Amino acid sequence: MSPARLARALCAVVATVLLLLLARSASAQLLSPGPLSKAHASLEGDAHCSDCHSSGKRVDAGLCLRCHADLGARIAAGQGLHGLQYRGQACEGCHVEHLGVGTSQIRWPGGGPQSLDHAQTGWPLNGAHKTAACTKCHNRVDKSGGQTFLGLSRNCTSCHKDQHDGRFGATCTGCHDEAAWTDLRLQDFNHDLAHFPLRGAHTTVQCAKCHSDPPKYVGLKFALCGDCHKDPHSGRLGAACADCHEDTKWKPVTFSHASARHPGVSLANGHARVACGACHDRGNLAAPSKGTECVSCHRPVHAAPFGRGCGSCHGTIQWLGLPRSVGLSAHARTVYPLTGKHDAVACTSCHQPGLPAEQRFRKLAFARCADCHADQHRGEFASLDRGECRPCHATSGFRPTLFSADMHASTAFPLLGKHIASACSACHTTPRPRTDLHVAKQACADCHANPHGDQFAKEMAQGGCAHCHDPRGWDLPKVDHSTWPLIGAHATAQCESCHHPTPEDKKAGHGASYRGVPRNCSGCHDDAHLGQFRLTQPAYECDHCHSTKGFKIQDFDHKAIAGWALTGAHAKTDCAKCHSMASVAGGQATVRWRGPSTECRFCHANPHEQRTTPALSVAAASPATASPQPAGHGFSDAVSCSACHSTTAWRSSDAETSSGTVKFDHAKTGFPLTGQHQHASCVACHSSSRPLKRDCASCHEDSHRGRLGQSCDKCHSAAGWRVTQPLEIHRRTRFPLTGMHVLADCTQCHLRASEQKFTDAPVDCYGCHEQDYRRPGIFPVHVGSSTAAPLPRDCSMCHRAVAWVPANVPSSLLGTIGSPLQTQVAPRNHDVRFPIAFGSHRTAACSDCHATLAVPRAVRCIGCHAHDPVLVTQQHRTPVPTDGASCLSCHPGGARR
Amino acid sequence: MRRLLLARVVGLVVLCTSISAEGAQPKKRRPPAKPTAPAQAPAQTTAPNAVAVTVVETAGTRAYVQPGATAGVRRNSTITIRGKDYTVVDASDSYAVVETNGETLHEQEKGRATVVAEEEQKAVELPVPHPLSTWQQAWTPEEAPAEAQQPRFVPLGGEERNRRFDVRFTLAAGGIIPLGGQVGSALSMGELNARLHAEPFAAPVTLDLDASLQGWAAADLSNRVGGPSRPLLYVRELLAGYTVGSFYAGIGRMRYAASTLGTLDGARVQQGLGEGFSIGAFGGLLPNALSGAPSLDAQRFGVEARYGRPDLALRPEAALVVHGSTFGGTLDERRVSGVFGLYPGPSRFGGYFEVSSFDADNPWKQPAIALTAAGIDNSVRLGSFELGARVDVRQPEMSRWLASYLPQSWFCTTVPAPGSNPTAPEACNGKIDTRALGEIDGSFAIEHLSLTLGGLGITDVTQTSEPNMVGGFATARLLRLARVLRFEASGNYSHSTFMNLFGGSAGPGLSLIADTLDVYAYYRLSVLQYRSDGASLLQDGIGGTIVVLPSSDLLFTLQGEGITGDDAKALTIFGTATWRPHL
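Chains as they are written, first to last, in the working numbering: chain A, 2 to 898; chain B, 23 to 605.
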């Protein structure tokens, strides 16, 4: 094969493949001759070809008539254009498709519908129909919205409106033809079908006499004879000519009494028996001279103001037996107008025919309902308006009754509260008509079930339900709740909130229990705190914190309720910082309000605690306890943070922590650090081994074993235990150190000073000065003798601590000590100034000192003492006066110096 | 023809205009025509806010319909019957009633009524409370918020002393010097005291020593009574202890054999029982009652039960001691004693008692069982106030052992036997000096002021002849004036068997050099009235105290008072030097 042939072959193959590919996507367009018309738009597409085309045919008429079945039926019946002219012909002969959406598919014979010979349809057009436009009649559309020529009837009214409303039938052609409506054929017109049938002489009257010329068939008046005929009576005898004249002829007048065509008044019935001249005294065509009114002849007998026109009721010239309508209209003007049901009652029901006429009407009793009606209630309401029906019933009917709830107040059971809203039948259960309205059961329990069981048996016996309940509603009880006053939210709470049936109540078959209900809060309210305030001490019930106003505590006073005031920063701290949520067993969670401790360390970790190595003992720091306990190194948990910190801020303004040490003003704690306390480390007192107390004994061992009390600072100073003031201490005892006792050493009296039990020392003089008391050679001899009684051992009776001498012997002892004679003549106070009852001068005579008794103050000493001036000078180491007064100035009472 | 042409031109213009207008405006896509929904038929179902009602009865001007409030037809519900509205004026559970307002309503007529919410609050049925036992064991201990915190360590104070070794030496010296021709001789004394606490071993063994070397000097020292009470060496404590857990054992000279007993040369063991309870036993020799020298004359033994819970709110502590002793080979002391204390807050309430048993032939003629001591004390702090009170009744400690050291008159009232030698020893007459003390004091302290008032009375509850006393005192202190100055003033009065005493003192104090030097001086004036003559004697005194704390291990104190006046003239002076080195 040459290259040129090979190239052509390849091009042919490529072209074939491309055509096949293109043909697959455009096969429909290639097969379809063109778009369908709008009417057949739904059949567009290659899937619908077989809807119209069958194999081997261009268009299958059977498939066309499958859709156009109405047309098929007409073709089959040989009707219409298709049935008469085109039966058996192919549809596409006249109907062409695939020419586009906007094209018409009909190929009209002659070129258009207006050119069609309408006779081919079986209905030739004549007269005015010839010139009518096709669409005047063919104005219908088929289901696809297109114009259709099918469906028209040949009746005239299918196109024309029947101006006669069907009175002349549906066939217009009886009078009209197709030429024009006005071209009538009146010779066959049946005037009986018109509104004015022709009778009598009217049948012979020319149409134009009434319908004018040109004729007028509508708008003619013919209701009265006068519409066509002239009244020769000038209206005096009325417009109803037919009352006297017949339509066959005007004369003769056919007037008769029986026909009651007497103008003005009927001559029927009673008047028929009256001779014309009885009234027409001036001729029959002239009015009677006594008048034409009824009362001109008849006397009015009615008490009711019926007026003078008797004819309004007695128009039939008949006094009795008047029509019902007359009676009804007249009754309205009587004292007993007929209202309501009375209006429909037969007259004879009240005006019974059996009664004499007088009693039947004028003297008929009607004042009371019972005059006509029997008491269906059998006297039950005899006391209510004398048994009249009116209070309860109206003439409109016995039902509904007028007996209102308000009127029920006149009964033994006034309707109050919810009873007002209860229908009568709720209590009056007798069947309708309810003539027996007795209600035998009037107690609450007769109608209402008692849901309380027997828990209110006493109250039920006293007043029934009404003892507690109000008719306004069960939920408005009038219960004396004073045993458990309802205050706060309880005042508005519904009873059922607390008194709801318990399982026990339901088991017992009654409602809620109202007795024996727990009175504490937890009896009704579930514990939102899950028992934390009731399970731990101090146990609190709800009312400790909550009031009855509501569970929400508006202003929680943390100090008053929790016993722990929120001050400083605590007042601004969120509650949850300290009170966290707690989950308890069972999955419930609540805020743990009650913490195990209110101490600072519970929420605040101790930054001063640093346990490094355990100490061996605290014996040196805590001799008081002497029982070894582990010690912390630093401030322990036993020390409250509040000892140093306030709630305002952790860091004190006095604290200086930059150097790692703190200078804390301990005086602010009420315990100023003085003396050796200044150098004591904080932990020496603030340790876990001891509670922090201000008593000295809380830190220091009481060497006195409690015998001197706990107030160490009364004797000791913080400067040191040895820094005491013995003189000051003794001033607060029975034995102040005065006189010679100032010079005594402690051990002289407190022999067991080493035990430091200072209370063991006796305080009576004799205890320490027993040897002085028993000293021999003392005068007077204190221990007594065979002739003298011992002196009292209360040394202070005579002696002072200043010195044993001078002593002041009380007079009671003067006889005891056996003093010389001069004491009996000396003044009583001589011993105070100069003892002579005892001591070395006890044996001196008065004259030894008193030169002359006349001048007792003039005394001399040199008579006995050192009368040698040289010796006196040697004794005194200096010259001294030797007169008695000078001696006594230095030797009061003769004492040595 | 022209008209036709003109019409075509106009038509063309109109057509162009319409085309341009369509091109100028973007073509709006006409929304697809929504299928016309058939008109919805009126809802046949009952609206939730309306219910069907039926007239069941008419009476008077009212008509009753059903249902009533149970279906929501309540007061103010609107009932529509035959197009006319009626308002419910009242309702029960079953019925509602309307005013017909002249309209005629017939029974069995139907209508609709609007539903009105129940006016009153729906009863809220409280949930059934859980029984308290529900949560009986449900709560778990709370984890303290502090436990989760890791604060930065903030040290307070200096380094704590080494508690394993603590030594303290104290040198004390003093004297009493008569002044101005005062009869009497001068007296001086000196003492060197050493206290030691040592834990020298890894084992929990402790050693404690408290001993003093002391001496007195006076011209008439030999003539002064109490010579045996002034030993050269006095050892208060020399004790070796061993601690394991709550067990303690000690041997040596104990300063306190028990909570209510003093020195004992012997041993003591103690075992904790838990919950603050412990029990101990002790036994040993009683030293010389005056000099403290070891002695074999008497032995003391007993047991002690102790309770202490410092962790409780009241911080209770108590001890009960039962002990006995032998002297000269026979049973001597038989005694039960106890102490207790409670510390409610900053207050204290404590007490003690001592019950002794005596032989039938005891020299003091005591009954077989006698309450020999009892007392209570109480102090209450109320803010700035503190009140204290103490009542104490006590008899002298009586034992044959102690009687061998002390005169008989120290124990009882002695009287000579009728017809006996006046100088012969006397026997007790059966009356014991039963001293009763009542004391009350109150203080008030604010930042710079401290006031103290107190009073006490002492008497003998068995003998009116014994000395008694009643007195009171008041002290006022102005503290921390200008941070360094203080001023104290006090007064006291006492009326005793021996004398009446009026006194008052006042003086300033200074704390200088960062409180390392404290100086206090005062003047005292006293008026004495001895019972024997009733004369008033004046006594003037000037005194002072100097305390020097040069460092934390040194302390110097000096105190003195000079007295002059009608009663006595003397100078007392006493000084100490303490060295407590940091080991």
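A hint or two may mislead.
Here are the simulated PhoX-like cross-link-like pairs (lysine-lysine), alpha carbons at most 25 angstroms apart as the crow flies [said to hold, decoys possible]:
1) A:K144 <-> A:K39
2) A:K231 <-> A:K217
3) A:K758 <-> B:K106
4) A:K560 <-> A:K573
5) B:K453 <-> A:K758
6) A:K459 <-> A:K508
Honestly, the hints are just simulated from the structure, not real lab data. Just so you know, these numbers come straight off a predicted model, no measurement behind them.
Discussion item. For a C-alpha distance cap of 25 angstroms, please report whether K459 (chain A) and K508 (chain A) respect it.
Written reply: holds (22 angstroms)
Worksheet entry | Hint consistency between K453 (chain B) and K758 (chain A) [alpha-carbon to alpha-carbon, up to 25 angstroms] | holds (22 angstroms)
Worksheet entry | Proposed proximity, K217 (chain A) with K231 (chain A) (alpha carbon, max 25 angstroms) | holds (21 angstroms)
Worksheet item: Under the criterion that the straight-line Cα-Cα distance not exceed 25 angstroms, is the pair K758 (chain A), K106 (chain B) satisfied?
Response: violated (112 angstroms)
Worksheet item: Between K144 (chain A) and K39 (chain A), does the CA-CA distance stay at or below 25 angstroms?
Response: holds (13 angstroms)
Discussion item. Would the hint linking K560 (chain A) and K573 (chain A) be met if the CA-CA limit is 25 angstroms?
Written reply: holds (15 angstroms)
Going through the hint list in order, the structure does not satisfy hint 3, though it satisfies all others.
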